[in-house]
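The listed protein sequences correspond, in order, to chains B and S.
For the first sequence, the residue numbers in the numbering used here are 156 to 268.
For the second sequence, the residue numbers in the numbering used here are 14 to 125.
What the hints contain is simulated information worked out from the structure, not anything from laboratory work.
Every value quoted in this text rests on a predicted model; they were computed, and no experiment measured them.
Accuracy of the hints is not assured; some may be wrong.
Short, incomplete list of chain B residues facing chain S, as computed with Cβ under 8 Å [unchecked claim]: (1) Tyr186; (2) Leu198; (3) Leu200; (4) Asp211; (5) Phe220; (6) Phe229; (7) Ser251; (8) Gly254; (9) Thr256; (10) Gly260; (11) Gly262.
Computed cross-link-like contacts, DSSO-like style, restricted to lysine-lysine with a CA-CA straight-line distance of at most 30 Å [said to hold, decoys possible]: (12) B/Lys233 to B/Lys223; (13) S/Lys81 to S/Lys117; (14) B/Lys179 to S/Lys81; (15) S/Lys81 to B/Lys233; (16) B/Lys223 to B/Lys179; (17) B/Lys223 to S/Lys14; (18) S/Lys55 to S/Lys14; (19) B/Lys223 to S/Lys55; (20) B/Lys223 to S/Lys117; (21) S/Lys55 to S/Lys117; (22) S/Lys117 to B/Lys233; (23) S/Lys55 to B/Lys233; (24) S/Lys81 to S/Lys14; (25) B/Lys233 to B/Lys179; (26) B/Lys179 to S/Lys117; (27) S/Lys14 to S/Lys117.
Pair by pair, the computed Cβ-Cβ distance ranges are [said to hold, decoys possible]: (28) S/Glu16 to B/Ser242: 23 to 29 Å; (29) B/Asp218 to S/Asn31: 46 to 52 Å; (30) S/Ser25 to B/Gly254: 41 to 47 Å; (31) B/Arg196 to S/Ser66: 27 to 33 Å; (32) B/Ser242 to S/Arg68: 36 to 42 Å.
Each residue gets a CB set at the ideal place from its N, CA and C atoms; glycine is no exception.
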Amino acid sequence: DAGVIQSPRHEVTEMGQEVTLRCKPISGHDYLFWYRQTMMRGLELLIYFNNNVPIDDSGMPEDRFSAKMPNASFSTLKIQPSEPRDSAVYFCASSSQSGDTQYFGPGTRLTVL
Amino acid sequence: KQEVTQIPAALSVPEGENLVLNCSFTDSAIYNLQWFRQDPGKGLTSLLLIQSSQREQTSGRLNASLDKSSGRSTLYIAASQPGDSATYLCAARGGGADGLTFGKGTHLIIQP
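Here chain S stands alone, though its shape is the one from the complex (with noise of 0.2 Å):
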């Protein structure tokens, strides 16, 4: 059964700095990682989706990577900001299934 864990469970950072959020997963046999955030009492919202024939996606500041062969993704938030606070999420699709299989995520807040 795939477990997937997030490290660290809670980060505080000063605004402008770089950042890194870790993700690891126990099966490395999964179809594709996705990144997303969740601000307080809100839904989620995808960030970022890598296959796993892809080793990292870029959207604007945020770089995702993806390492199979060590169960590893990485998510990197460049010169972050205030408003990056929030949950950061990553969950891994098995090869042989549809559902994901979250983390419990990173809670993140950007101190002004």
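One chain only, chain B, in its complex shape (with noise of 0.2 Å):
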């Protein structure tokens, strides 16, 4: 298995542009998560899908901030317009079920300039 799949892995872009992660999680899995790195604040959970449905998004800091799972394979985290304090690296996760081991992506250094 290739595991959790995540592009791009480096982003640079200017303040104000729309800036789309993308997610694959491990085939079979039921449950997909996104999380931000920052130094200051360390990993923080922004929101995770069970069989495609959000279920929880209290993390996602802003309406800036949007989510999507169109289907079992595939995730996008979309920050329209971005900020250079959404600078972080971004990463995703999956699981096969309800409270078993997450398995990360690589994650997506994201610099807003």
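The two chains are supplied separately, each in an independent frame; assemble them into the complex guided by the hints.
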């Protein structure tokens, strides 16, 4: 299995631009999670899905952030418009069942200038 | 709201030593606790997962324990090697939700 796949690995953009991060979970996993990692705040849960349905989006910082999961093999996290304080590493993770081990992707390092 | 704390924030020891990393959590009603390793610029690798009904889990030179009543978990690394150098993160999964609450990690350096 290829593991969780994220793209792009690095993204540099200017303030005000739209950013779309992509994730392909491990095949057969029913849960997908988006986390953000910064030096100041560490790793924080943004949102997670179960069977493509958003379950908890309380960690999404602002309305500028949105996430979708149109099918079991693809999810996007969109930031519009982006701001410098959004600069962070964004991780996607998946698990097969509730409470099971979460497997993380390599992350997308986002820099907003 | 669950809070997870890891002590120490950084640790440097000579190769071959046994060491203990600490993790504490404020809400004892956890479903499980997971230990991860993160190498610089990389994602997280799961090391051990302890269910709330378990007291410990072992994998090779790693042993993780869980004491829900005191809100603590420890990761024991035996016979440390330079390849163990990384940041170690613990994360708690609450009883009512599937997302993980992470500590800020312990940055471990094993000196050759």
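Do the hints match the structure? See the list:
Given the 8 Å rule on beta carbons, the hint for B/Tyr186 holds: about 6 Å separates it from the nearest Cβ of chain S. The criterion of a C-beta within 8 Å of any C-beta in chain S is met by B/Leu198, whose closest approach is roughly 4 Å, and the hint holds. At its closest, the beta carbon of B/Leu200 sits 4 Å from a beta carbon of chain S; the interface hint therefore holds under the 8 Å criterion. Restraint check, B/Asp211 versus chain S: the minimum CB separation of about 6 Å is within 8 Å; hint holds.
Hint status for B/Phe220 relative to chain S: violated, with the closest Cβ pair at about 15 Å, above 8 Å. For the restraint placing B/Phe229 at the interface with chain S, the shortest Cβ-Cβ distance is roughly 18 Å, beyond the 8 Å limit, so the hint is violated. For B/Ser251, the interface hint is violated, the least distance from its beta-carbon to any beta-carbon of chain S being 12 Å, above 8 Å. Because the smallest distance between the Cβ of B/Gly254 and any Cβ of chain S comes to about 5 Å, under 8 Å, the interface hint for this residue holds.
Interface restraint check for B/Thr256: the shortest CB-CB distance to chain S comes to about 5 Å, inside 8 Å, so the restraint holds. The interface hint given for B/Gly260 is met, as the beta carbon of that residue sits about 6 Å from the closest beta carbon of chain S, less than 8 Å. Given hint, B/Gly262 at the interface with chain S, holds; its Cβ is 5 Å from that chain's nearest Cβ, closer than 8 Å. Under the criterion of a C-alpha separation no larger than 30 Å, the hint pairing B/Lys233 with B/Lys223 is consistent with the structure, at around 8 Å.
Note on S/Lys81 and S/Lys117: the hinted pairing holds, with a Cα-Cα distance of about 20 Å set against a maximum of 30 Å. Restraint check: the Cα-Cα separation between B/Lys179 and S/Lys81 comes to about 34 Å, which exceeds 30 Å; the hinted pair is violated. This hinted pair does not check out: S/Lys81 and B/Lys233 have alpha carbons roughly 37 Å apart, beyond 30 Å. A distance of roughly 12 Å separates the Cα atoms of B/Lys223 and B/Lys179; the hinted pair therefore holds under the 30 Å criterion.
Between B/Lys223 and S/Lys14 the CA atoms are separated by roughly 26 Å; this keeps the pair inside 30 Å, and the hint holds. This hinted pair checks out: S/Lys55 and S/Lys14 have alpha carbons roughly 28 Å apart, not beyond 30 Å. Between the alpha carbons of B/Lys223 and S/Lys55 the distance comes to roughly 24 Å, so the proposed pair stays at or under 30 Å and holds. Of the supplied pair hints, the one linking B/Lys223 and S/Lys117 holds, its CA atoms being roughly 28 Å apart against a limit of 30 Å.
At roughly 16 Å between alpha-carbon atoms, S/Lys55 and S/Lys117 fall within 30 Å of each other, so this suggested pair holds. Taken as a hint, the S/Lys117 and B/Lys233 pair is honoured in the structure, with Cα atoms around 25 Å apart against an allowance of 30 Å. Between S/Lys55 and B/Lys233, the direct Cα distance comes to roughly 22 Å. Compliance with the 30 Å bound is thereby established for this hinted pair. The straight-line distance between the Cα atoms of S/Lys81 and S/Lys14 is roughly 16 Å, inside the 30 Å bound, and the hint therefore holds.
Of the pairs offered as hints, the one joining B/Lys233 and B/Lys179 holds, with about 15 Å between alpha carbons and a cut-off of 30 Å not exceeded. This hinted pair checks out: B/Lys179 and S/Lys117 have alpha carbons roughly 26 Å apart, not beyond 30 Å. Restraint check for S/Lys14 and S/Lys117: satisfied, since their Cα atoms lie roughly 16 Å apart, inside the 30 Å limit. For the pair S/Glu16 and B/Ser242, the beta carbons lie near 24 Å from each other, so the given range of 23 to 29 Å is met.
Taking the beta carbon of each, B/Asp218 and S/Asn31 are about 49 Å apart, inside 46 to 52 Å as hinted. For the pair S/Ser25 and B/Gly254, the supplied restraint of 41 to 47 Å is violated, since their beta-carbon distance comes to about 35 Å. For the hinted restraint 27 to 33 Å between B/Arg196 and S/Ser66, the CB-CB distance of approximately 31 Å keeps it satisfied. Taking 36 to 42 Å as the suggested C-beta distance range, the pair B/Ser242 and S/Arg68 conforms, at roughly 41 Å.
In summary, the structure is inconsistent with hints 5, 6, 7, 14, 15 and 30 from the numbered list given earlier, while agreeing with the others.
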